[in-house]
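Participant: The lines below spell out each chain.
There are 2 protein chains.
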Amino acid sequence: MADSWAPVKRTRTFEEVLAQIERRIAEDGLRIGDRLPGERQLAEQLQVSRSSVREALRVLETLGVLSSQVGRGPEAGAVLISRPGAALTDLLRLHVGLDGLEPAELIETRLMIERFAAERAALRGPDTSALSEALAAMDAASGPEEFVEHDIAFHCAIADASGNRLIAVIMRSLRDSVRPHAVQAVERIGDTAGLRADHQRILDAISAGDPAEAARAVTDHLAKTYPPGPAPA
Amino acid sequence: MADSWAPVKRTRTFEEVLAQIERRIAEDGLRIGDRLPGERQLAEQLQVSRSSVREALRVLETLGVLSSQVGRGPEAGAVLISRPGAALTDLLRLHVGLDGLEPAELIETRLMIERFAAERAALRGPDTSALSEALAAMDAASGPEEFVEHDIAFHCAIADASGNRLIAVIMRSLRDSVRPHAVQAVERIGDTAGLRADHQRILDAISAGDPAEAARAVTDHLAKTYPPGPAPA
DNA sequence: TTCCCCTTATGGTCTGACCACAGTATGGTC
DNA sequence: GACCATACTGTGGTCAGACCATAAGGGGAA
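Just so you know, the protein sequences line up as chains A and B, in that order. So that you can map any letter, position 139 of the first sequence is 139 in our numbering, and since no number is skipped, the others follow by simple counting. One rule links them: number in our numbering = place in the second sequence (from 1) + 1000.
Certain hints may be false.
[Said to hold, decoys possible] Here are some chain B residues pointing at chain A (derived, C-beta under 10 Å):
(1) 1010
(2) 1036
(3) 1054
(4) 1097
(5) 1112
(6) 1115
(7) 1163
(8) 1220
(9) 1222
(10) 1224
(11) 1225
[What the hints assert, rightly or not] Taking beta-carbon pairs under 8 Å as the criterion, some of the chain A residues facing chain B (in silico):
(12) 59
(13) 82
(14) 87
(15) 90
(16) 95
(17) 109
(18) 167
(19) 179
Read the hints as simulated data drawn from the structure, not as lab findings. Beta carbons are placed, not taken as given, at the ideal position from N, Cα and C, and that holds for glycine.
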């Protein structure tokens, strides 16, 4: 018989703790803002060491569903949250750093998201004040760094306007991950007047409720910012 | 003076360890497959306890860039990897469980990805054997569970065919997260002949290299599977 | 040469202790 | 009675040291 025998998955203690905590969240109907028992109490309940509990809590914190606060009182302890942003940003940064993902893949994903978000934003037609403010801030920017800062705000506002939080959070993580590339791109282009016109065109299309034009405007803008072919190192 | 004073971010030891490890990965040019020093050695080098090192490693493992193996030899120890899939799946599942994300947002994101991936796949025109195989497996499925299994394979194959690993991994995590909903949808529809026709249409469009038709086919298919309006509980 | 056992290095777990922090209770002062 | 400084207590954060299970490698015996 071949050695195709055992799935016998080695289950580490902290993984079991993780599963138990997730089960309790579901069964007890715990919500954002609720608190988990203390580390010592949790360890005693589950009959494991505090180390294992801590490793499980660290995982949950890494995934953005838990926040640990020291001290005492209603604010202290492990509080359930839902902030996937940092987790996604860290994930993308680390995998790009290990060449597990190419920057080109992130940029293409960004194009996909932004085109979709612009369409949705034009259809929903929510207030475009965040977009206008970011545009004005870009005009007042004194350098590439600051310009990119508000550029990110502009494009993330588009994603926010899509009304889809998952798309918005992916968008923000993507932008945070490729921020250095964006700064390089702005420095390479130099003149930001063209970018301003692009942004204005996007804003106008969304304000006018024209999804097709919004998608085209975004596509043209990104094609200009990240030209295909001679990819920068 | 207001209390707008100090960000004074409390930096925990394991976070410092995390930063050091990430710095070493960048500076030493560590690649996928390379090994980190042992936990004890790392603790001594950084002058921290082994617990803090372990918590940092646990974070890296959670983010899918590290795999720990016990024992001895070239395979043992902490090996750098790049498998963001599990991390993304866990992230989505937990946040949905906490109502930090709505299933509708995941489904909409899936529509966005799949439409884009189908377009890209039609443009690239790689081999469609994976799609055909999944289609055949769906025909041979004996129940909703098995049908959904191969349905996931089919749609993930589309994402793979886009040539973008980030899009592919997001796609797979999304499908894994909404698997129960998909099973419910199949059971609600009952007859899978219509779904088969949809899939065949998508496959044909991709094979024919018609991106617009591929996008339309995907959009129609998903609109049928997840009808708007009376959202299931 | 072959096989078995011992060594060794690794991650996994546990225990118990101490620290830093931040509410809370206490008690004294005005 | 109101107010403020102090001590107390419970929380997460960190550490040191021990032991276990695992799996490769080495060495001795058949």
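Participant: State for each hint whether it applies.
Facilitator: Hint by hint, here is what the structure shows:
| no. | hint | verdict |
| --- | --- | --- |
| 1 | 1010 | holds (8 Å) |
| 2 | 1036 | violated (12 Å) |
| 3 | 1054 | holds (7 Å) |
| 4 | 1097 | holds (6 Å) |
| 5 | 1112 | holds (4 Å) |
| 6 | 1115 | holds (8 Å) |
| 7 | 1163 | holds (9 Å) |
| 8 | 1220 | violated (17 Å) |
| 9 | 1222 | violated (13 Å) |
| 10 | 1224 | violated (20 Å) |
| 11 | 1225 | violated (18 Å) |
| 12 | 59 | holds (5 Å) |
| 13 | 82 | holds (3 Å) |
| 14 | 87 | holds (6 Å) |
| 15 | 90 | holds (6 Å) |
| 16 | 95 | holds (5 Å) |
| 17 | 109 | holds (5 Å) |
| 18 | 167 | holds (6 Å) |
| 19 | 179 | violated (16 Å) |
Checked against the numbered hints listed earlier, the structure breaks hints 2, 8, 9, 10, 11, 19; every other hint is satisfied.
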